[in-house]
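**Student:** Here are the chains, one letter per residue:
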Amino acid sequence: MQTPQDSDSLQSSRSGKRDSRRHTPKANMSGLYQRAIREAFIKLDPRTEVKNPVMFVVWVGTIVTFLVTLDPNLFGTVQADPGQQRLLNGLITFILFFTLVFANFAEAVAEGRGKAQADALRSTRSDTIAHKLLPDGSIQEVSSTELQRGDQVKVVAGDMIPADGEVIKGIASVDESAITGESAPVLKQPGTDIMSSVTGGTRILSDELILKVASDPGQGFIDRMIALVEGAERVKTPNEIALTVLLTVLTLVFLIVVATVSPLANYVQAPTTIAILISLLVALIPTTIGGLLSAIGIAGMDRVAQFNVIATSGRAVEACGDISTLVLDKTGTITLGNRLADEFIPVDGHTVEEVAQIALAASVFDETPEGKSIVILAERNSANINFNTDDASGVEFTARTRMSGTDLPNGKEVRKGAVDAVKGFVRSRGGTIPVQLDAAYERVSRLGGTPLAVCQDGEIYGVIYLKDIVKAGLRERFDQLRRMGVKTIMLTGDNRITASVIAEEAGVDDFIAEATPEDKIDVIRREQAEGKLVAMTGDGTNDAPALAQANVGVAMNSGTQAAKEAANMVDLDSDPTKLIDLVTIGKQLLITRGALTTFSIANDIAKYFAIIPTIFAAAGIGSLNIMGLKSPQSAIISALIYNALIIPALIPLALKGVQFRPLTADQLLRRNILIYGVGGVIAPFIAIKIIDVLLPFS
Amino acid sequence: MSFTREASRAVRSTLVLWVLTAIIYPLAMIAFGQIVFPFQANGSIIKNAQGQDVGSALIGQPFTSDRYFNSRPSTTSYSTADPKKDDAGVLKTGVSGASNLAPSNPALLDRMKGKSDPDPTKAIEGDIPRLQKAGVKQPTADLVYTSGSSLDPHITPEGAAAQLDRVAKARGLQPNQLEPLISQNTDGRFLGIFGEPGVNVLKLNLALDALKPAS
Amino acid sequence: MFQGWIQIALTLLIVVAITPFLGGYMARVYLGERTLLDPVLNPVERILFKLSGVQTRENMTGWQYIKAVLYSNLVMALLLTFILFSQGWLPFNPTALSEPTWDTVLHTVISFITNTDQQHYSGETTYGYFAQFAGLGYMLFVSAATGLAVGIAFIRGLTGRPLGNFYVDLTQSITRILLPIGIIGTILFIAGGVPETLTGPAIVPTLENPAISQAIARGPVAHFEILKQIGENGGGFFAVNSAHPFENPSPFTNLIQTVGMVMIPSSFIYTYGVIANNRKQAWLVYGMVLTISIVFIIFNGISEYNGNPAVNALLGGQVPNLEGKEVRFGWAQSALFSVITTGTMTGAVNSFHDSFMPTGGFVMMSNMFLQIIWGGQGTGTAYLFAYLILAVFVTGLMVGRTPEFLGRKIEKREVVLAGFLILLVHPIAILIPGAIAMSLPSAPDGVTAQGFYNGITNPSFHGLTQVLYEYASAAANNGSGFGGLLTSQPAPSALWWNLSASFSLLAGRYVPIVALLLLADSMSRKQPVPMTSGTLRTDTGLFTGITAGVILIMGALTFFPVLALGPIAEAFQIAKGIG
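Chains as they are written, first to last, in this note's numbering: chain R, 8 to 705; chain W, 41 to 255; chain D, 11 to 589.
Just chain R, with the same shape it has in the complex (with noise of 0.2 Å):
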């Protein structure tokens, strides 16, 4: 019998390495803030602020502040002495200038940390000397840059591969470590769904290939990575667009209170001066959310690409978060790929040692992991080998036969295998079969295993219990979904015994078994005709319509071309459990900007019991300034020094993202409301007051 321990110290070495391939290619992220600063003054260029309405509200606001520090009366005289009147003018001007700057600097940050890791993605792909097979079958040297989609490339040991492509000649291993950090060589031959696949950026190792190059120049799946994480080609996506009229909204509503305030001003002979307006409606204007917005989404895709998953869109990222339904494969999602030997059942009076022994037997030669688990299995059951390996031989599994084994050096033939390939075999040696055979089958399937049967020449001596070993943790992880309000389904082409066996185990809502690719279709279209956002994943060209057809399909890297087509993401690990996480990331990148926005829109609160009732105390109403601010002058410098010091303040924030957990949506509006809502209302009353008291002003 396995232990527990065994299974246990299987998993967490696999999710072990894991981990440690998880930030490969690795980022360089020295000078990141040297030339974040650099770009934040670049970037004050107004063809680059224009696109942020918000920011180019203060960009406008700082001009003009500029002209009456050099000019206080140029809209008309100002009563105050214009020496003073200058100071805190230039003052002003010079706190909004730096408002713009840090808006600026934390969108370089982000675009910074997606260069470097643009960069690390683009090492892996340099420029290569590409062998092109003409039509005629002579051989062009081009650049791989100017490979188009369709055309034939020859590749020789030792070559780079010049970009993504399909195999149709030849056979050889591959270095994939570039990309996927995996050491081990790949086997890469035309025609298998896995294996035909290549990467551009890795390298081959022995023997040669012929390929057909897949993507059109600039157009693979890391040259679109690289333009996501550089936010160089970046389109907003849906929600950004839909938070960026809400933020337009708002800096409109406050440009015509601010507009409006003056002759109202005016006419209770409180008046004001136009640097001061524009202090009032740049504190007002939602410039925390609007100076990280695009920072937050640049973020947002760093994470995925530190996750080792190219995606083909913002979109497809922010999707992740709106995910309700989890369409996730068995095998090797939710299982460990390959079944591990259990229990050895004898049948007919044989003992468990007999089993083994026989098994033992007929594993020697099987390499497979199921071949070692049963050796493993077996020799903890005190069997050993007791014939000279060297003279007996294997017996290959094939589709047909559907058993392997060996033939012995004393001529008996030892065989497992699917119980009825094992009945056939016994049969045609003359045999009898078991009464408790199919009892045994049934047992071992009941309890969501693959029955092996196991004989020698006419003797069935019992049945090897083959079990599906669900991942370790995976049964939180779909806990925590289902809190968050995702429903995960099975989808395996298990009998439904042993489906249900091991949808209970790994605690999914749902399965679908003995389902074919069309299932699979089927499942996410009826997901989505209730309403629901699908993901999936996927690896064979069988399963490139429903990629397609799902609102997220993450393609595994080792999967086909078409299957990496079809999808709008690509795991460079091809570890299916990565959608999890994947979710998790798209709904931080939500909750980041909801909270700031929150966040920004309730700061106005303070700012407005900081700057009206000091600028109008000649209206009589300066015991609405409950703060005490010392004067108007200290109290506008201070909302304002405030309202710029904030957006560095969160630049941290906007870049890691808002921390989540798995909670229900109520428990995270709760908690999120208590922190950046109730929190936006408090705290920039305190840190105004406390910038007050700072200040040089009496």
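Possibly wrong hints are sitting among the right ones.
[Said to hold, decoys possible] Computed list of lysine to aspartate or glutamate pairs in EDC-like fashion (alpha-carbon distance at most 20 Å, straight line):
#1 W:Lys209 to D:Glu218
#2 W:Lys132 to D:Glu109
#3 D:Lys586 to W:Asp150
#4 W:Lys209 to W:Glu219
#5 W:Lys162 to D:Asp455
#6 R:Lys243 to D:Glu421
#7 R:Lys419 to R:Asp464
#8 R:Lys478 to R:Asp516
[What the hints assert, rightly or not] These stretches of chain R come out as covered by chain D in the derived footprint (C-beta under 8 Å, 3 or more residues):
#9 207 to 220
#10 324 to 338
#11 350 to 362
#12 483 to 491
#13 530 to 543
#14 607 to 614
#15 667 to 675
[Unchecked claim] Interface residues of chain W toward chain D, partial, derived using beta-carbon atoms under 7 Å:
#16 Glu46
#17 Val56
#18 Gly73
#19 Tyr108
#20 Leu141
#21 Asp192
#22 Pro193
#23 Phe234
Treat the hints as calculated values from the structure; they're not laboratory data.
C-beta atoms are modelled at their ideal positions from N, C-alpha and C, and glycine is treated no differently.
Since the structure of chain R is provided, determine the placement of chains W and D on it from the hints.
**Tutor:** Same frame as chain R, but now just chains W and D:
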């Protein structure tokens, strides 16, 4: 759908609903009112012993003399005018209106406490001095604040009580003779809960005139 | 004082008690279910629909509904214009009033078709009986019914139903809601002393001085009055509106008027609950609105009860502020009425808002800025849910999903519609003309010529409030006013006010209606997403509280500077002592 069809539907609906709500409904309600509640429907007009109309039970009248319980100050003098010189046409239609003075408007205080001015047309007597002269030592709020309608038929019971002695003296009556009149002409709260009790000044003063001198 | 609060509490209790019955009834009407009045009304409606050529089964798309609203309202406005201009030769004009100035007619027509009933005229002296009952009285029905139709179409769209047919909704709002309540109300009003006659004013000699005559204006008031209240119209038959003893003779009629104006908008929230099959959410939102309203009433009540400190000093004791108030209503019924009338967009007044303490001005203006403290006929509930959508959008991202309301995703289109409609219309229609008006000169003494003058009559901060109140009232389609502002002909400033207020009236009515219907249309077309534990629930106390926060921050902060320079500054001024 064509523009003509939409326009025709809009026009036809407009007319059909107009006939229903602006012709049938009001005329039916007027007929109902005239038949079932003719007194109320025609403005609760009260007549004197001679059968002449003297006013409405619901509309106040100006009373400023000592012989009568004074009504509240009114911006339109209760929609009254001298028929011989009614330049503003008050008697053509009847009017109503409030002072609309803000609580912060100095004119409000001037109106109450009076204001002397070398130009006699700009001088204001002031409600409080006027009331105090008329024997109301402690003017109540209703007697110094103008009403919303300028037609308020009521004063508060306290406002009436404050004038009791003066009216009794002016008419040579005992104050206790007048007390029952006040309570008889007080409109109470609805169901004893809603609104405030008010003394109907016109009705009180009519009852006052009907009272025989106590000699 | 205690007595006053009891009256207020009982009145509100009656309103709450009516809600499920009236709300449930309206839901049945609009869902086409059977109601008590079917035997009478079905044949009547069949005739009406036949005559007007309405296909009752036809559902309209958003744009079709919008076009129907606009076309019908335009035709109705033209009919009213015709009646008002021709009143000189039309019948039932005992006071022989001739046609008013063109700008007065323009403003009156726009004001009444928009369900605002802002009056830049005095009823007694401007419009004859026929113009009142056949012209303005018609608008009391159709403008209210238009609001109800838009409101119900919005609710239908929000809950994923087809929007319905505007003409059917318009007609049924009249035949099944406004007319039945109107008839009952008329009877109660006439019994309570409200005139209902075609006879002209009574001229009587006054008791004290028979040489002086009193003109007692009257007319067909009762049937007009009840519609004025229940349709949230607010346009009084007489100049002083519900303060007039003939419009509102007693505490009994005042109770009907108060309950009457809040009854439909409050029940409409419940109607939503029935149609959305989520009564819990309806009651939560109802509770939120009621709470804000109660807070406003308490503020207003306390400050009116405490009175004007300057006057109190003169009188040597604390008395309620009764300036512009009727004895029969006192401080309590006046304070209650003023909060309800500005919250519900009725705009009727039983006391004069211009003379309220600054707290009163503050809460009344806040009511109109927010326009959801019950809100307009039908549109109030729609606004409320548009605010909910906005709250979902702002805070809903914080649960890590694309925000959705009733399972429908809030995307760019919805934010554009809800954002512009809720947040932008008011600043444009209130602050911009307000700022212009504040820059205009006052008409110099002796000027009779029309021109662009501001017409302010109260000094300083209160003058500012007068102006902003006027535009807030117009933009929110409320119609009440700080009556001191010189908006009526023949004041020199009347032209400016008639024109500029007309702009605010139209902007405040039709831009939101178009936006609401498009919003409903776009929501109804969305594939609903099923509820999961990851979905933000909007029918919780938590979310309702957040909505209140969003409403107060986004709605009220827009107007904080105005409130600070107007009523707040005036309050400090009074506290310091006038002059």
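**Student:** Among all the numbered hints in the text so far, which are the ones the structure does not match?
**Tutor:** 9, 11
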